[in-house]
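Peer 1: This is what each chain is made of:
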Amino acid sequence: KAGVTQTPRYLIKTRGQQVTLSCSPISGHRSVSWYQQTPGQGLQFLFEYFSETQRNKGNFPGRFSGRQFSNSRSEMNVSTLELGDSALYLCASSLGGLGRYEQYFGPGTRLTVT
Amino acid sequence: AQSVTQLDSHVSVSEGTPVLLRCNYSSSYSPSLFWYVQHPNKGLQLLLKYTSAATLVKGINGFEAEFKKSETSFHLTKPSAHMSDAAEYFCVVSTSGTYKYIFGTGTRLKVLA
Chain A
8 KAGVTQTPRY LIKTRGQQVT LSCSPISGHR SVSWYQQTPG QGLQFLFEYF
58 SETQRNKGNF PGRFSGRQFS NSRSEMNVST LELGDSALYL CASSLGGLGR
108 YEQYFGPGTR LTVT
Chain B
2 AQSVTQLDSH VSVSEGTPVL LRCNYSSSYS PSLFWYVQHP NKGLQLLLKY
52 TSAATLVKGI NGFEAEFKKS ETSFHLTKPS AHMSDAAEYF CVVSTSGTYK
102 YIFGTGTRLK VLA
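In order, the protein sequence lines correspond to chains A and B. Adding 7 to a residue's 1-based position in the first sequence gives its number in my numbering. Adding 1 to a residue's 1-based position in the second sequence gives its number in my numbering.
Treat the hints as calculated values from the structure; they're not laboratory data. Be a bit skeptical, because a hint or two may be false.
A few chain B positions that, by computed beta-carbon distances, are all more than 12 Å from chain A [said to hold, decoys possible]:
id, residue
1, Val12
2, Thr56
3, Ser74
4, Asp86
5, Ala114
Below, simulated DSS-like cross-link-like pairs (lysine-lysine); rule was C-alpha separation at most 25 Å, straight line [claimed, not checked]:
id, chain 1, residue 1, chain 2, residue 2
6, B, Lys50, A, Lys64
7, B, Lys43, B, Lys59
8, B, Lys101, A, Lys64
9, A, Lys8, B, Lys111
Quick partial rundown of chain A residues pointing at chain B, CB under 8 Å, derived from the structure [to be verified]:
id, residue
10, Gly49
11, Asn63
12, Phe76
13, Arg107
14, Gly115
Model, not experiment: these values are computed from the prediction. Using N, Cα and C, we set each Cβ at its ideal position, and we do this for glycine too.
Chain B on its own, in the form it takes in the complex (with noise of 0.2 Å):
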């Protein structure tokens, strides 16, 4: 079976410095993951996905994520933090073949001025 939790439903940061939303998955078999955002009243955007690739992934606006098969864990991350990164991110775990996407509970991102 499959899973994903986020640790944080709540995260504040100050403009400028990092970011680090955290993100643990169960998968039977390889997973993929993927980060995604949602803006308020908006649909989500991908940020970055993993398919057994490369174990650090690059996303779009300076967010990264790195798999990490021992923990377990997906954790999204940015150095510096932007206004504009106030948002809600989800992360989400997927098997090739099981048909299903499943979702974090989210963790909403607070970015102090």
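Isolated chain A, as found in the complex (with noise of 0.2 Å):
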């Protein structure tokens, strides 16, 4: 079975401007999860999408947001990027709902903000 994948796996942006991050889950999967991994704030948890509806989301601003599609792929939106949204963005899936499923990540997409 092929694993999560991540597009673009490594993006460079102007603050200002916007960007979308895909992510395809493994087959058969339906939870999608967003995770923002930086040095100083470790691993946080941006949000869980779970058959196109978002179950859970983190403490982050409105200027992140994501959606999920029919097929369980799901992309993340950031709008009016700041220098601080430098960062791994990592997707992972899993086949139910988070507490009992593990979690299978994808190599994450490198997002820098200059």
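The two chains are supplied separately, each in an independent frame; assemble them into the complex guided by the hints.
Peer 2: Shown next as structure tokens:
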């Protein structure tokens, strides 16, 4: 089975721009979660989608948004980029609801904001 | 409320010696517990999971962890460290129905030749 894929792998954007990141989960997985990883803050949970519904959200400003499509693929959007948004963004998929099922992570998208 | 504490931010061991990475958790209900490893500039890889079956869990690459409810601990061990084990390790706690995956702050393992 193919693993979780994320595109693009690397991205350089300018402050004020917006960006869209994409995640394709493992086939059959219905839950997709997004995380931001930085050296200073560590791994922080952004949001989780299950069957196209956002089920849980972390403490991030409204500039961070996401969605999930009927094929379980997910996108994450960040508008009005700030320098502090530079991070590794990780996507993870799970068979079902978080709690009982393990998550499988993609390789991440490295976003650099200049 | 759930929380997880990784007691050491950095651990150094010599190649061939045992590895112990410590994790304590707090959970109101029966938790699921996981250990992940992250090599530099890579995503996270699942090492092992505990979901209320056997308390001693064996994972990949020779790692194992023991769930101790009385001590609220889930420490990760390996009998003999290899250079390729150098990475960051994350302990995770989750409870069914909360839809939350709580990560520890990570332990960076250094393996000395």
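Peer 1: Which of the listed hints are not met by the structure?
Peer 2: 9 and 12
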